[in-house]
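Residue numbers (our numbering), protein chains in the order written: chain A, 1 to 248; chain B, 249 to 435.
Mixed in with the good hints, there may be bad ones.
[To be verified] Computed cross-link-like contacts, EDC-like style, restricted to lysine to aspartate or glutamate with a CA-CA straight-line distance of at most 16 Å:
#1 Lys381/B / Asp235/A
#2 Lys36/A / Glu338/B
#3 Lys36/A / Glu362/B
#4 Lys155/A / Glu338/B
#5 Lys381/B / Glu278/B
#6 Lys155/A / Glu278/B
#7 Lys36/A / Asp276/B
Hints were generated in silico from the structure; no laboratory data involved.
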Amino acid sequence: MKEGKEKIELIKEGKRLDGRGFDELRPIKIEVGVLKRADGSCYFELGDNKVIAAVYGPREMHPRHAQDAKMAVVKFRYNMAPFSVDDRKRPGPDRRSVEISKVSREALDPVIMREYYPKTAIDVYVEILQSDAGTRTAGINAASVALADAGIPMKDLVSSIAVGKIGGEVVLDLNAMEDNHGEADMPVAMVSRTNTITLLQMDGRLEKEEFERGLKLAMRACHQIYELQRTALIDRYSESVDVGEGEA
Amino acid sequence: MGRNKGIVVPGDFLGTTEEFTSGMGVYDEEGNLYASQIGEISISDKRVINVLPVVETPPILEEGDVVLGRIEDIKDTVAIVSIACVKGKEKREIAAPTQGIIHISNIKKGYVSELKQEFGYLDVIKAKVLDVKTLRLSTEERDLGVIKAICMKCKGDLERKGNVLRCERCKRVETRKISEDYGKGMI
Chain A
1 MKEGKEKIEL
11 IKEGKRLDGR
21 GFDELRPIKI
31 EVGVLKRADG
41 SCYFELGDNK
51 VIAAVYGPRE
61 MHPRHAQDAK
71 MAVVKFRYNM
81 APFSVDDRKR
91 PGPDRRSVEI
101 SKVSREALDP
111 VIMREYYPKT
121 AIDVYVEILQ
131 SDAGTRTAGI
141 NAASVALADA
151 GIPMKDLVSS
161 IAVGKIGGEV
171 VLDLNAMEDN
181 HGEADMPVAM
191 VSRTNTITLL
201 QMDGRLEKEE
211 FERGLKLAMR
221 ACHQIYELQR
231 TALIDRYSES
241 VDVGEGEA
Chain B
249 MGRNKGIVVP
259 GDFLGTTEEF
269 TSGMGVYDEE
279 GNLYASQIGE
289 ISISDKRVIN
299 VLPVVETPPI
309 LEEGDVVLGR
319 IEDIKDTVAI
329 VSIACVKGKE
339 KREIAAPTQG
349 IIHISNIKKG
359 YVSELKQEFG
369 YLDVIKAKVL
379 DVKTLRLSTE
389 ERDLGVIKAI
399 CMKCKGDLER
409 KGNVLRCERC
419 KRVETRKISE
429 DYGKGMI
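With the rest of the complex left out, here is chain A:
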């Protein structure tokens, strides 16, 4: 990783630079249905990350040769705004955003019931408005909520978070400073109910024991995020319905 220049002390007296503990998430804010034009949308904040996700479709797939006769095709586009980082980000797709789009799509694919809508495309647009490390996890969280908001049948919601290693310690949810000067970064996406991991990447090095500890940390955080996603969706839609007394 990017070591060498100057050693920054990322951990002081058992706390991180922003005062968080090792297993503490940044504050999360979720808003459902923020866009009028999109079929489903979600605004997601993870600390200083600000992400918006919009879902269109399923709608007829063009070009026709790209259609799948058996199921819908998910098109995922991860894009960073030019103003989302410290220096201006050159707009347009690049190696990084193409890769993130691919892995994010594959993280969501297993929960979307694509076979209900053959020959169609589901467009998922994730726009990073402000970035502070962990944008792909924020994007997946947002996209998953936006897909549910669009009324697309899904088996479950997908939750996602990163873990990493800074100053020799395995910690949850790195921020930009920790990501740039740390030893490792590992984003994880998971289906909460079944504990199915749908995305797992790693940048840097971790010992086997550290990896296992980190994964456990990430999985626990995914359960927390899942609850927040669920609450956000229920809060959004229980307004429009009379207080039900239903019990399953």
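Guided by the hints, dock chain B onto chain A, whose structure is given.
This is chain B only, laid out in the frame that chain A set:
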């Protein structure tokens, strides 16, 4: 899970296959039933469990649906229609292929000798779905047929004059299978 406040989201546990028969918005995994949509639970007398969606769901075409579309091509015996939306669900795009066809025998009750007499290129039409798989449409009923058309020569708007359409600009008269709602702007 006992934490339902009336509304469930995808992945929420609803019950088992021993308790319920799964209905709409419900899926079965290893004998357990889970919600696949955001919605309210409803259990029928026959213990069919449904999740009634509280979000707008993607519209799909069903037999008998009234659709709006535009004539894309006219052949000897069929007209090709690109379907834009389903009546009642105009806001959202159709989640299925949208190229329909109207056969000459499904245009109106009487005999049609020439398809060009009934439809023109770029006409906006209202039609009923006869068959979902092949997307065959019909305009036989009184309220179905052309609801907006342009003049073949000058592309001006056609006005309804009795049983024919007349171009205000070039005074040309054209024939169509006209819907009762022609030119009213109502769907």
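Evaluated hints:
This hinted pair does not check out: Lys381/B and Asp235/A have alpha carbons roughly 39 Å apart, beyond 16 Å. Note on Lys36/A and Glu338/B: the hinted pairing holds, with a Cα-Cα distance of about 15 Å set against a maximum of 16 Å. This hinted pair does not check out: Lys36/A and Glu362/B have alpha carbons roughly 45 Å apart, beyond 16 Å. At roughly 27 Å between alpha-carbon atoms, Lys155/A and Glu338/B are farther apart than 16 Å, so this suggested pair is violated.
Pair hint Lys381/B plus Glu278/B does not hold up; C-alpha atoms about 32 Å apart against a cutoff of 16 Å. Straight-line distance between C-alpha atoms of Lys155/A and Glu278/B comes to about 13 Å, which keeps the hinted pair within the 16 Å bound. Pair hint Lys36/A plus Asp276/B does not hold up; C-alpha atoms about 33 Å apart against a cutoff of 16 Å.
Hints 1, 3, 4, 5 and 7, counting from the list given before, are not met by this structure.
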